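The task is simple: from the sequences and hints, build the whole structure.
These protein sequence lines map, in sequence, to chains A and B. If you use the UniProt record's numbering, the first sequence corresponds to residues 1 to 227, in order. If you use the UniProt record's numbering, the second sequence corresponds to residues 1 to 78, in order.
Take these hints with a grain of salt, some might be off.
[Stated by the list, open to error] Below, a list of computed lysine-lysine pairs in the BS3-like style, where the Cα atoms sit at most 30 Å apart:
(1) K6(B) to K38(B)
(2) K44(B) to K56(A)
(3) K68(A) to K56(A)
(4) K56(A) to K43(B)
Please keep in mind that the hints were generated in silico from the structure rather than gathered at the bench. Given the structure is predicted, the values throughout are model-derived calculations rather than measurements.
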Amino acid sequence: MNLSFFDQFMSPHLMGIPLTLLSLLLPTLLLPAPNNRWVTNRLSTLQLWLLNTITKQLMTPLNKKAHKWALILTSLMTMLLAINLLGLLPYTFTPTTQLSMNMALAFPLWLATLLTGLRNQPSISIGHLLPEGTPTPLIPALILIETTSLLIRPLALGVRLTANLTAGHLLIQLISTAVMALLPIMPVMSTLTAMILFLLTILEIAVAMIQAYVFVLLLTLYLQENI
Amino acid sequence: MLLDVKLGQLPTWLAMRDFTPGGVVGALRRGYDRYFNKYINVKKGGLGGISMLLASYVVVSYIWSYSHLKHDRHRKYH
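This is the structure:
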């Protein structure tokens with residue numbers, strides 16, 4: 001028996017032409033460039049408000065030097081938000097369910113924060129490996145633990161985003177399969193399962209937004225330590 | 001401009017079109033600008049502008065994955 005539950009995560013192809021780039025570039029259609037008018041259209045106003053809120057929220061804890069990262073972090077947040085939310089529409093493909101893409105986003109950015117810290121303030125960056133007030137016998141073990149924790153950060157960033165989105169999409173597909181299968185047999189159970197599906201969809205919308213936010217927030221935290 | 005072409009003149013019109021990559025991009029850009037300026041770049045744009053974009057995205061995704069979906073038609077266990 002061939003399971004088709006994972007087919008939604010296959011990269012879309014049209015007669016052999018990979019469409020992944022197209023589905024990655026789609027959110028740009030929904031983000032129009034603001035024009036020079038004083039009062040723009042509603043979509044631009046809403047988006048400018050959203051971008052300003054995101055930027056203020058992310059950049060306030062950071063010092064002046066870190067504000068150079070504002071553009072890349074805000075655009076990353078917008079892209080992840082758009083891709084995650086668009087993936088909740090039926091039949092669409094979510095690029096962030098692919099581990100390759102999330103690792104490609106997480107690894108270079110984390111490495112950039114690490115190298116910034118090691119280059120500009122090496123002793124402070126390495127000093128983060130030992131929390132204050134540790135008892136002396138514990139120091140070697142704790143340094144090893146902190147180093148492992150540091151090195152596993154990009155993996156955790158990538159896998160967190162992938163796993164959350166993949167699990168959500170799979171759950172939606174499984175529960176909707178259950179609803180359709182129960183419908184001719186036990187309509188009452190089918191209705192109850194449909195209510196669970198409704199709640200799950202609301203959860204998935206929230207998860208899509210939260211996961212994008214968490215990804216970028218953790219990057220700002222790593223940046224705070226190192227810049 | 002396509003709506004102004006008479007049906008008999010269609011092959012001539014097609015031959016006049018610019019099918020270079022730059023021309024295709026220009027045509028897509030003009031089409032997008034027309035949609036954008038009509039439905040989204042208005043002071044009180046409503047929900048319809050983006051909903052049409054999202055609905056067309058859903059339809060296009062369905063078409064792209066149709067060759068994969070048609071195996072599920074007569075399957076007993078999905």
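These are the hints, each one checked on the structure:
1. K6(B) to K38(B): holds (25 Å)
2. K44(B) to K56(A): holds (27 Å)
3. K68(A) to K56(A): Since the Cα atoms of K68(A) and K56(A) sit roughly 13 Å apart, the hinted pair holds (cutoff 30 Å).
4. K56(A) to K43(B): holds (26 Å)
In this structure, none of the earlier numbered hints is contradicted; all agree with it.
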